[in-house]
Amino acid sequence: MINKIVQSMADLMSGIKDGSVVLLGGFGSVGQPNALLDGLIEQGATDLIVAANNAGAGHVGLARLMELGRVRKIICSFPRSSDPVVFETLYRAGKIELEIVPQGTLAERMRAAGAGVPAFFTATGVGTKMAVGKEHREIDGRTYILEQSLKGDVGLVEAWEADRWGNLTYKQAGRNFNPLCAMASALSLVQAQHIRELGGIDPDHVVTPGIFVDRVLHVPYGDPSGF
Amino acid sequence: MSETATSAFKPFTRPQMAQRAAADIPEGWYVNLGIGIPTMISDYVPVGREVIFHSENGVLGMGPAPEKDKIEPWLINAGKQYVTMLPGGSFCHHADSFSMIRGGHLDLCVLGAFQVAGNGDIANWATSENDTAPAVGGAMDLAAGAKRLWVLMEHTTKDGSSKLVTKCSYPLTAPGAVKRIYTNLATLDVTERGFVVLGMAPGLSLEDLQARTGAKLHLPV
Numbered sequence: 001m002i003n004k005i006v007q008s009m010a011d012l013m014s015g016i017k018d019g020s021v022v023l024l025g026g027f028g029s030v031g032q033p034n035a036l037l038d039g040l041i042e043q044g045a046t047d048l049i050v051a052a053n054n055a056g057a058g059h060v061g062l063a064r065l066m067e068l069g070r071v072r073k074i075i076c077s078f079p080r081s082s083d084p085v086v087f088e089t090l091y092r093a094g095k096i097e098l099e100i101v102p103q104g105t106l107a108e109r110m111r112a113a114g115a116g117v118p119a120f121f122t123a124t125g126v127g128t129k130m131a132v133g134k135e136h137r138e139i140d141g142r143t144y145i146l147e148q149s150l151k152g153d154v155g156l157v158e159a160w161e162a163d164r165w166g167n168l169t170y171k172q173a174g175r176n177f178n179p180l181c182a183m184a185s186a187l188s189l190v191q192a193q194h195i196r197e198l199g200g201i202d203p204d205h206v207v208t209p210g211i212f213v214d215r216v217l218h219v220p221y222g223d224p225s226g227f
Numbered sequence: 001m002s003e004t005a006t007s008a009f010k011p012f013t014r015p016q017m018a019q020r021a022a023a024d025i026p027e028g029w030y031v032n033l034g035i036g037i038p039t040m041i042s043d044y045v046p047v048g049r050e051v052i053f054h055s056e057n058g059v060l061g062m063g064p065a066p067e068k069d070k071i072e073p074w075l076i077n078a079g080k081q082y083v084t085m086l087p088g089g090s091f092c093h094h095a096d097s098f099s100m101i102r103g104g105h106l107d108l109c110v111l112g113a114f115q116v117a118g119n120g121d122i123a124n125w126a127t128s129e130n131d132t133a134p135a136v137g138g139a140m141d142l143a144a145g146a147k148r149l150w151v152l153m154e155h156t157t158k159d160g161s162s163k164l165v166t167k168c169s170y171p172l173t174a175p176g177a178v179k180r181i182y183t184n185l186a187t188l189d190v191t192e193r194g195f196v197v198l199g200m201a202p203g204l205s206l207e208d209l210q211a212r213t214g215a216k217l218h219l220p221v
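Chains as they are written, first to last, in this note's numbering: chain A, 1 to 227; chain B, 1 to 221.
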């Protein structure tokens, strides 16, 4: 019997190696896999490259992981937040690398990785400093730059519902980067608010099919708690 | 006090700027509003006109801010503010949301800016080449991807220098992207000739406007 639902955080996190590329769902406070970040902190992997839209807030979750010196590089579109003190301190001290990526390019780089597309051309960033050093090509009269896909060793995903095959739904704006992190990562780890019986999620309503998911943990934490 | 030409005019307020832009958005357009003053545009869409608002974080068909006791904790916009969903609205993931932007499906994006040049170049994400932690968000995708880019901004900076320029000194968000600008002093189109003045704040003369603008102004032909 296939059962991707695990019973402990330790089981969920087992096997994450030092130096891993970690793709992180979430936008603002919504859809953030905070329990999984706590699990990763506990698990101990270090020298990580983390891709996420933001670079953490306060001293919890991603900010805590960075504060512990476990993140070598952040790939994100918007490293500012309501309280970006940890990132800014590390960045000013030269203790963390930053790769700024336009938000749509970040999302597309993940989708491309999940879809087996190694790189793609986009108009976003043409004529700006994002284009420096990148291959340019004119297609049908418009100039594009080549962007590489972004594959994760590990994806951390926050879902609304999950079943034992790993089918997922999301809640409202909590979807954001989560389905992309799931499809783009070699090891997709999910925290889900609700566990449903197999067949309990209408196939028409599944957003992330279980083929993109490796392990699920039930984390019924309730609502995101503001910003 | 004598009424000189430069003291008699009345700049548009921010709500008036938003209202002027809103009045120019036709029914049926799909529109993304940037963080800041552009967000106010949604409050001024004429009653009965259907305009569909998009937010980068996968929200299409966004409604106004909720009453305090009706906040949905999972329903935010790209500015991380609580919003509502209109009947007919839909959610999608980030890659689909940016496909709407990058695939040329949005009729209009309205952004704020630090500078706009007469050739349509826009700079709105970093104020110097050495910004400690630059943050671009979705601005480059929106500027390059939407069918039209309008800018809603003050005409000058706090120290009085023009935000309309011949060449942007700040890092570009996109070259040649801006089609129209709504400021507190004027509404302007960006054309092959450069800035063309469509309208001005009450009491302002073209000479006054030119004196506050860092690039040559033109009148419509």
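A few of these clues could be false.
[To be verified] Simulated crosslink set (BS3-like; lysine-lysine; CA at most 30 Å straight-line):
| # | chain 1 | residue 1 | chain 2 | residue 2 |
| --- | --- | --- | --- | --- |
| 1 | B | 70 | A | 129 |
| 2 | A | 95 | A | 129 |
| 3 | B | 147 | A | 134 |
| 4 | A | 129 | B | 179 |
[Claimed, not checked] Partial selection, computed: residues in chain A whose CB lies under 8 Å from chain B:
| # | residue |
| --- | --- |
| 5 | 17 |
| 6 | 100 |
| 7 | 176 |
Hints are computed from structural coordinates only; laboratory data are not their basis. Glycine included, each C-beta is placed from N, C-alpha and C at the ideal position.
Status of the hints after comparison with the structure:
no.	hint	verdict
1	70(B) with 129(A)	violated (43 Å)
2	95(A) with 129(A)	holds (23 Å)
3	147(B) with 134(A)	holds (25 Å)
4	129(A) with 179(B)	holds (22 Å)
5	17	violated (27 Å)
6	100	holds (5 Å)
7	176	holds (5 Å)
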